[in-house]
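*Asks:* Chains as they are written, first to last, in the numbering used here: chain U, 1 to 137; chain D, 1 to 549.
Careful: at least some of the hints might be erroneous.
Pairwise CB distance ranges, derived in the manner of DEER restraints [unchecked claim]:
1. U:Asp72 - D:Lys371: 17 to 27 Å
2. U:Asp72 - D:Asp34: 28 to 38 Å
3. U:Asp72 - D:Pro298: 18 to 28 Å
4. D:Leu372 - U:Ala77: 15 to 25 Å
5. D:Arg14 - U:Ser88: 32 to 42 Å
6. D:Val344 - U:Asp72: 33 to 43 Å
7. U:Trp63 - D:Glu50: 47 to 57 Å
Source of the hints: derived by calculation from the structure; they are not laboratory data. Quick caveat, the model's predicted, so the values are computed rather than measured. A virtual CB, placed ideally from N, CA and C, is assigned to each residue, including glycine.
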Amino acid sequence: MNRRGFVISGISAAGMLTSALPAVPASSPAPAMVTPAGIPALFGVVFDRRFEAARLFGRAAAWRGHMAFGYDGDLTATWLHRLEPRWSRRAGALAGMTTPAALFCLEQLAAQHWLRVVTRTGHAARRGQALVSWVIA
Amino acid sequence: MRVPPNVSSADYARALAEFEQAIGREWVFTSDEDLDLYRDAFSPFLNEPEERIASGALAPVSTEQVQQIVRIANKYRIPIYPISTGKNLGYGGSAPAYSGSVVLDLKRMNRIIEVNEQHAFALVEPGVSYFDLYRYIQEHKLKVWIDCPDPGWGSVMGNALDRGGGYTSANYRNHFDSHCGMEIVLPNGELLRTGMGAIPNAQTWQQYKSGCGPWIDGIFSQSNFGVVTKMGFWLMPEPEAYQRCTVSVPRYHDLMPLVEILNFVENSRITSGFPDLESPLLGYPPVGQIQLWNETGPPKMSAEHANLLKGAKLGYSPQIEAYGARAGIPYWRLWLSFHGPEEVIQAQWHAAQRHFARIQGAQFAVVEQVKLPVDAQQATKYHEPEFGVPSLRAFSIGARTPWNPTPSKGHMWFSPIIPRTGEAIIEANRVFSEAAQSLGMPLFTTFTLPACFWERAFIFILATPVTEDPHLNKRYREGFKKLIEVGGQHGWGEYRTAPVFQHAVMDVYSFNNHVLQRFHATLKDAIDPNGILSAGRYDIWPKHLREKA
Chain U
1 MNRRGFVISG ISAAGMLTSA LPAVPASSPA PAMVTPAGIP ALFGVVFDRR
51 FEAARLFGRA AAWRGHMAFG YDGDLTATWL HRLEPRWSRR AGALAGMTTP
101 AALFCLEQLA AQHWLRVVTR TGHAARRGQA LVSWVIA
Chain D
1 MRVPPNVSSA DYARALAEFE QAIGREWVFT SDEDLDLYRD AFSPFLNEPE
51 ERIASGALAP VSTEQVQQIV RIANKYRIPI YPISTGKNLG YGGSAPAYSG
101 SVVLDLKRMN RIIEVNEQHA FALVEPGVSY FDLYRYIQEH KLKVWIDCPD
151 PGWGSVMGNA LDRGGGYTSA NYRNHFDSHC GMEIVLPNGE LLRTGMGAIP
201 NAQTWQQYKS GCGPWIDGIF SQSNFGVVTK MGFWLMPEPE AYQRCTVSVP
251 RYHDLMPLVE ILNFVENSRI TSGFPDLESP LLGYPPVGQI QLWNETGPPK
301 MSAEHANLLK GAKLGYSPQI EAYGARAGIP YWRLWLSFHG PEEVIQAQWH
351 AAQRHFARIQ GAQFAVVEQV KLPVDAQQAT KYHEPEFGVP SLRAFSIGAR
401 TPWNPTPSKG HMWFSPIIPR TGEAIIEANR VFSEAAQSLG MPLFTTFTLP
451 ACFWERAFIF ILATPVTEDP HLNKRYREGF KKLIEVGGQH GWGEYRTAPV
501 FQHAVMDVYS FNNHVLQRFH ATLKDAIDPN GILSAGRYDI WPKHLREKA
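All chains should be built: construct the whole structure from the sequences, respecting the hints.
*Replies:* Here it is, written out as structure tokens:
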């Protein structure tokens, strides 16, 4: 895949996920509405800053008013300080574009709160590193 | 609706109703969607008929609720399988050993009951993860360290009860050994406290381990004799400094004195940090740098070097040894670490060098000198667990990278214990590499170094892949069992294993016509006559299931 195709794929993935979920007004409190398909409203997105498609994904989500948590390969601090406290409070759904290994890690951690991966889509990436976009709810 | 084996639908329905009354309907799980969360993500039987699955799950929040559950389970003979946070991946995960059991999910029991800085201990419930305990300690600014495995997402109690290990000082790396006092719900619903906890209003429950009379704590590890609901742990006082050093030796046969001297300096407490063996010449990383190698790739090797490696047998050839001498690449490198006041560390390192200097050509280096404390962000410059900081960076292992383009779906840990000698390392490589090759197993394909999680013994902890090919998985399962048998023939046993292999592993412990297993069965019949608790765990089966087998 060339760079243009790769970037378009990333944008498409970003578009697919974030357009499925409503924009959150900046002044709004924690969303209580349920989106189509019964997925709770999004409390944020997580993305791996090492990959351009993921950065685009994060940017698109932030533009739509969602909290965007970027990390650089190591999920530890993001999970510990951003995600886990919100999952403990049942804050809502989380979307992301990450490596499959990171999704696996988050999927296992989400299970501790009886949350599960409700959608996942694989994407090719550069240098053989796959990305996956997903929603946990 | 799934129903546990040997239980009628009517009895199960009644039991579920009583479970709901005891713990609340929202914490009783029976849907396929909910029970999917209790599958073993690394199951070597994933999606096959033999995969162990739960027929229900219960999530109590208190010891009293656990007692109620156990009484109901006894009433209706419901097999239950306690888990803490369910992160025992590679050793069975959250799936029950006896398929169809109801999982007793203890993760809601996540109270940190006490962290005592003065006496350096913690008392926790099963749902407390290493991250939870670390965060508590940081938030309360307590000057104590945890010792955690890698990744650090698991339960403090769960890891200790399966006898896992970590990376800081020897006193704390063996997680079961560093516990002090337990509270257990017995299979009849009674509450037991061990050690000094058996004294009402005990003042030293987390200070003195063995109480008086038989010290029974061990029988609640890797077993099915009770549901542990509280456990005390000794914690390491935050050291003032940390130092990491290396001892590098040039020749293949230097491995023998290197290990012998390591044993002496460790047993004498000249060093107590996590020792780590590496072979720069053979390209074998130390455990503490596997993450780094996975993130950035292994160190570059010249074409000549790589070519010479192909001719090495059991890690040796005179040509590769000569190349190492010429190129200044050590055959073996031992990483030592020290915790404590700087002046003590310097004295210890000085003494260690004096002992290792008897190996001709040994070279010494100080790699890191770190004033403590460091925060979690600073710790990312190092291998975080060696600083008592839990991490998720281990998920770079097995991730797809240019150096690992086809990661597996999971792994099963092959983890035999071997003697702490250089000779044993070589012999184990000979035995296991021959066996693995004949079985088509992807283990011991190159000379493999063991890890030093435990004092006094070595351990190999090697990942056997779980793949998407059921035929390949079957071959690897059968090969794994054969390797267990081969190890047993040489006096080497596994330290821990997944339920699918627990019979094979325990079969190796066969001294005096399997008297150990017969003793376990005797205890099981006495303590759990209805056989409701974790049937089959570590091959301890209740009477009614032994008779059926």
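*Asks:* Please flag the earlier hints that this structure goes against, numbers listed from lowest up.
*Replies:* none
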